[in-house]
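*Asks:* Residues per chain are reported as follows:
There are 2 protein chains.
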Amino acid sequence: MSKYWSKVTKSLLPYVPGEQPKDKKYIKLNTNESPYPPSPRVLEAIKNEANEDLRLYPNPECNELRTVIAKYYNLQEEEVFVGNGSDELLAFSFQTFFDPGRTILFPDITYSFYPVYCQLFGIDYNTVTLDDDFNVPIDKFFMENGGVVISNPNAPTAKYMPLKDIKAIVDFNKNSVVIVDEAYIDFGGESAIKLIKDYPNLLVIQTLSKSRSLAGLRIALALGNKELIKGLNMVKNSFNSYTVDRLALTGAIEAFRDEEYFHETRQKIIFTRERTTESLKKIGFTVTDSKANFVFISHPRIKADIIFRRLREKGILVRYFEKHRIDNFLRVSIGTDNEMEAFIGALNEILSENGL
Amino acid sequence: MSKYWSKVTKSLLPYVPGEQPKDKKYIKLNTNESPYPPSPRVLEAIKNEANEDLRLYPNPECNELRTVIAKYYNLQEEEVFVGNGSDELLAFSFQTFFDPGRTILFPDITYSFYPVYCQLFGIDYNTVTLDDDFNVPIDKFFMENGGVVISNPNAPTAKYMPLKDIKAIVDFNKNSVVIVDEAYIDFGGESAIKLIKDYPNLLVIQTLSKSRSLAGLRIALALGNKELIKGLNMVKNSFNSYTVDRLALTGAIEAFRDEEYFHETRQKIIFTRERTTESLKKIGFTVTDSKANFVFISHPRIKADIIFRRLREKGILVRYFEKHRIDNFLRVSIGTDNEMEAFIGALNEILSENGL
Numbered sequence: 001m002s003k004y005w006s007k008v009t010k011s012l013l014p015y016v017p018g019e020q021p022k023d024k025k026y027i028k029l030n031t032n033e034s035p036y037p038p039s040p041r042v043l044e045a046i047k048n049e050a051n052e053d054l055r056l057y058p059n060p061e062c063n064e065l066r067t068v069i070a071k072y073y074n075l076q077e078e079e080v081f082v083g084n085g086s087d088e089l090l091a092f093s094f095q096t097f098f099d100p101g102r103t104i105l106f107p108d109i110t111y112s113f114y115p116v117y118c119q120l121f122g123i124d125y126n127t128v129t130l131d132d133d134f135n136v137p138i139d140k141f142f143m144e145n146g147g148v149v150i151s152n153p154n155a156p157t158a159k160y161m162p163l164k165d166i167k168a169i170v171d172f173n174k175n176s177v178v179i180v181d182e183a184y185i186d187f188g189g190e191s192a193i194k195l196i197k198d199y200p201n202l203l204v205i206q207t208l209s210k211s212r213s214l215a216g217l218r219i220a221l222a223l224g225n226k227e228l229i230k231g232l233n234m235v236k237n238s239f240n241s242y243t244v245d246r247l248a249l250t251g252a253i254e255a256f257r258d259e260e261y262f263h264e265t266r267q268k269i270i271f272t273r274e275r276t277t278e279s280l281k282k283i284g285f286t287v288t289d290s291k292a293n294f295v296f297i298s299h300p301r302i303k304a305d306i307i308f309r310r311l312r313e314k315g316i317l318v319r320y321f322e323k324h325r326i327d328n329f330l331r332v333s334i335g336t337d338n339e340m341e342a343f344i345g346a347l348n349e350i351l352s353e354n355g356l
Numbered sequence: 001m002s003k004y005w006s007k008v009t010k011s012l013l014p015y016v017p018g019e020q021p022k023d024k025k026y027i028k029l030n031t032n033e034s035p036y037p038p039s040p041r042v043l044e045a046i047k048n049e050a051n052e053d054l055r056l057y058p059n060p061e062c063n064e065l066r067t068v069i070a071k072y073y074n075l076q077e078e079e080v081f082v083g084n085g086s087d088e089l090l091a092f093s094f095q096t097f098f099d100p101g102r103t104i105l106f107p108d109i110t111y112s113f114y115p116v117y118c119q120l121f122g123i124d125y126n127t128v129t130l131d132d133d134f135n136v137p138i139d140k141f142f143m144e145n146g147g148v149v150i151s152n153p154n155a156p157t158a159k160y161m162p163l164k165d166i167k168a169i170v171d172f173n174k175n176s177v178v179i180v181d182e183a184y185i186d187f188g189g190e191s192a193i194k195l196i197k198d199y200p201n202l203l204v205i206q207t208l209s210k211s212r213s214l215a216g217l218r219i220a221l222a223l224g225n226k227e228l229i230k231g232l233n234m235v236k237n238s239f240n241s242y243t244v245d246r247l248a249l250t251g252a253i254e255a256f257r258d259e260e261y262f263h264e265t266r267q268k269i270i271f272t273r274e275r276t277t278e279s280l281k282k283i284g285f286t287v288t289d290s291k292a293n294f295v296f297i298s299h300p301r302i303k304a305d306i307i308f309r310r311l312r313e314k315g316i317l318v319r320y321f322e323k324h325r326i327d328n329f330l331r332v333s334i335g336t337d338n339e340m341e342a343f344i345g346a347l348n349e350i351l352s353e354n355g356l
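Chains A and B, in that order, are what the protein sequence lines are. Going by our numbering, the first sequence opens with residue 1, and the numbers climb by one from there. Going by our numbering, the second sequence opens with residue 1, and the numbers climb by one from there.
Looking at chain A on its own, in the form it has when it is part of the complex (with noise of 0.2 Å):
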């Protein structure tokens, strides 16, 4: 710890993305990333951007691809707001909507980024405890509180809240900001983009990482009344102006446009994960419900981190969190059909190995 760091970076735990190996080739299903490459089209339309115009800055109200969004969700173009991936946006919303001194409240067991934004802009917060089969319940966000912020579906348990949940949260919490973080929702999950017209109140955030393929590009999207559009806006404005480049900007409206590509991956990704599903629950695996492009497994018999560990030396990364309540649980990306049956075979030699 250096004398040079400010109080606030003294107490930082920061949070820690799943690695990215280099050592070797893994089959990696371990940061929810889509198996499936990018529309053709928006590869395309990267390349024919990569011109001289990269001598300017972007345009740093994301007009175009506003717009096109907009479009895409029946919305206007002031409910909506561009930035560099939905962590981005998650930690301009916690700046933007939620104060010091007024506790908002999120699940026990969600996105642990939460708790890393609480810290670095002096919120408090109080956990709102699942229940044995990770539901959560609703009645426990029907209470004063300083802002809610709700995965859905829940990350890393992949279970849904169905869309009357959310809006009976969001009806009660009228005097505070309801961040709805849907990184997963294009996998089964009915968004809660179509109650923004009625709730003032209401943030939803999506990213282009998962279902569009596009982690690593970086772009995400916050849909909202346009007052609270405009207050993310003015924090952004105070932090950088220009957080999406152009190569990203060009790429995600051609992601929006092409829907063909992404309703024929998405569905393939939901076809896999109903397969491995059943594959798992067949060799004795717990499979959470998941609505989401990855499941959240655990075994009766074996440790989920001996599993972990095995996995890894079998060439095949997941993620495991030394959590309190899901330390014997295993979150597994939904790969190929190929990958999942490669996963599916190293879950067989790892029980055979173990006398099951």
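Hints in this document: simulated from the structure, not taken from any laboratory. One or more of the hints may lead you astray.
The list treats identical chains as interchangeable, and a pair is accepted whether it falls inside one copy or across any two copies.
As the list claims (entries may be wrong) - Straight-line Cα separation of at most 27 Å, BS3-like style, residue types lysine-lysine; simulated pairs:
(1) Lys-10 with Lys-174
(2) Lys-140 with Lys-3
(3) Lys-3 with Lys-194
(4) Lys-197 with Lys-3
(5) Lys-22 with Lys-226
(6) Lys-3 with Lys-164
(7) Lys-197 with Lys-7
(8) Lys-230 with Lys-323
(9) Lys-71 with Lys-167
(10) Lys-197 with Lys-174
(11) Lys-230 with Lys-197
(12) Lys-226 with Lys-10
(13) Lys-71 with Lys-22
(14) Lys-71 with Lys-226
All figures in this text were calculated on a predicted structure; none of them were measured in a lab.
Got chain A sorted already, so can you dock chain B onto it with the hints?
*Replies:* Just chain B now, with coordinates in the frame of chain A:
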């Protein structure tokens, strides 16, 4: 103002970037972009990187780019941090090294984003008044403070402070971090990078947006003692693990590799700046001594805002700041020789319109 905004959001007066108009084609001398395209090798590298790997997250540590930069500047990789433009690096740096309650210092006339960061992070600041010729009175920095920020060459004055003065400030302030913002250093100044080995309290920030013609790609670097860089990583990883996308990483690497193109284009800009300065003086303008890719000019008889508006009507954009002490100046980016001839021609017309 919305009831959903946090207290800090309600207090913000965001930075306003130079306009990026779309109504017609302008000669754009208002945002200090390079008039020259990026190196052809950079564009080629980006095109090659626009491939299926965009489905994968970028390397959050940016190791390859950091190795290239470290080698270029004869530093260690642990002394290099990269981010999404120097605005992001400045924001991270203010948060990492400055504390509420410990007053930081920067010049009264400088990059107008600095006070905005202070608002955003609740940091107190005092400004040091530049002398009438916009020189920095360095002894004013020889006092107790919570940090120092110096833009060198300074913006928008274009004036350069010799390295011995920077060294004196860094040397006196061993208990606080001195940030030297070198966005424009490649146009004739001497970088403070060589002081890093001796001063653990020095952070140097540079960007690829100006001298490397990559404003559209969003890449900048912070260089300093490894403890400072470690602090920056703490904050960044509590905000957004991946702020630099795959294409930007690749483009930036190639920009550092193509040294020849870099030297050729920046020399051209320096040459055009000197020619432009001479022409401006000939027609009666006051021009500060510039070591940047822009000039800061004033006319004794015609008000700057009048020239600004008339140039705009003639299709030439420059930057006018309606601010105390500099409200009779214009900041003019250096374009190509042809663009600067058109600019001088337009000024001549404006002079004769005003009977001069």
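*Asks:* Taking the hints in turn, state whether each one holds.
*Replies:* Against the structure, the hints:
Proximity of Lys-10 to Lys-174 under the C-alpha cut-off of 27 Å is restricted to the inter-copy arrangement: shortest distance 19 Å between copies versus 35 Å within a copy. With identical chains, the CA atoms of Lys-140 and Lys-3 are at most 27 Å apart between copies only, with a shortest distance of 24 Å across copies and 42 Å within one. In the homo-oligomer, the alpha carbons of Lys-3 and Lys-194 lie at most 27 Å apart only across protomers (22 Å), although the nearest pairing inside one protomer, at 49 Å, exceeds that limit. In this assembly of identical chains, the alpha carbons of Lys-197 and Lys-3 lie at most 27 Å apart only when taken from different copies (17 Å versus 49 Å within one copy).
For the identical chains of this complex, Lys-22 and Lys-226 are inter-copy neighbours only, at 23 Å across copies versus 43 Å inside a copy, given an alpha-carbon limit of 27 Å. For the identical chains of this complex, Lys-3 and Lys-164 are inter-copy neighbours only, at 25 Å across copies versus 50 Å inside a copy, given an alpha-carbon limit of 27 Å. In this assembly of identical chains, Lys-197 and Lys-7 lie within 27 Å of each other by CA distance solely across copies; the values are 25 Å between and 41 Å within a copy. For a Cα distance limit of 27 Å, the shortest separation of Lys-230 from Lys-323 across copies, 25 Å, qualifies, whereas the shortest one inside one copy, 37 Å, does not.
Taking the shortest Cα distances, Lys-71 and Lys-167 sit within 27 Å of each other inside one copy (23 Å), while across copies they are farther apart (54 Å). In this assembly of identical chains, Lys-197 and Lys-174 lie within 27 Å of each other by CA distance solely inside one copy; the values are 14 Å within and 55 Å between copies. When the C-alpha separation of Lys-230 and Lys-197 is checked against a cutoff of 27 Å, the pair qualifies only within one copy, where the shortest distance is 16 Å, while the shortest distance between copies is 44 Å. Proximity of Lys-226 and Lys-10 under a CA criterion of 27 Å is satisfied inter-copy only: 15 Å between copies versus 36 Å inside one chain copy.
In the homo-oligomer, the alpha carbons of Lys-71 and Lys-22 lie at most 27 Å apart only across protomers (21 Å), although the nearest pairing inside one protomer, at 40 Å, exceeds that limit. For the identical chains of this complex, Lys-71 and Lys-226 are intra-copy neighbours only, at 15 Å inside a copy versus 47 Å across copies, given an alpha-carbon limit of 27 Å.
Hint check: no violations occur; every hint is consistent with the structure.
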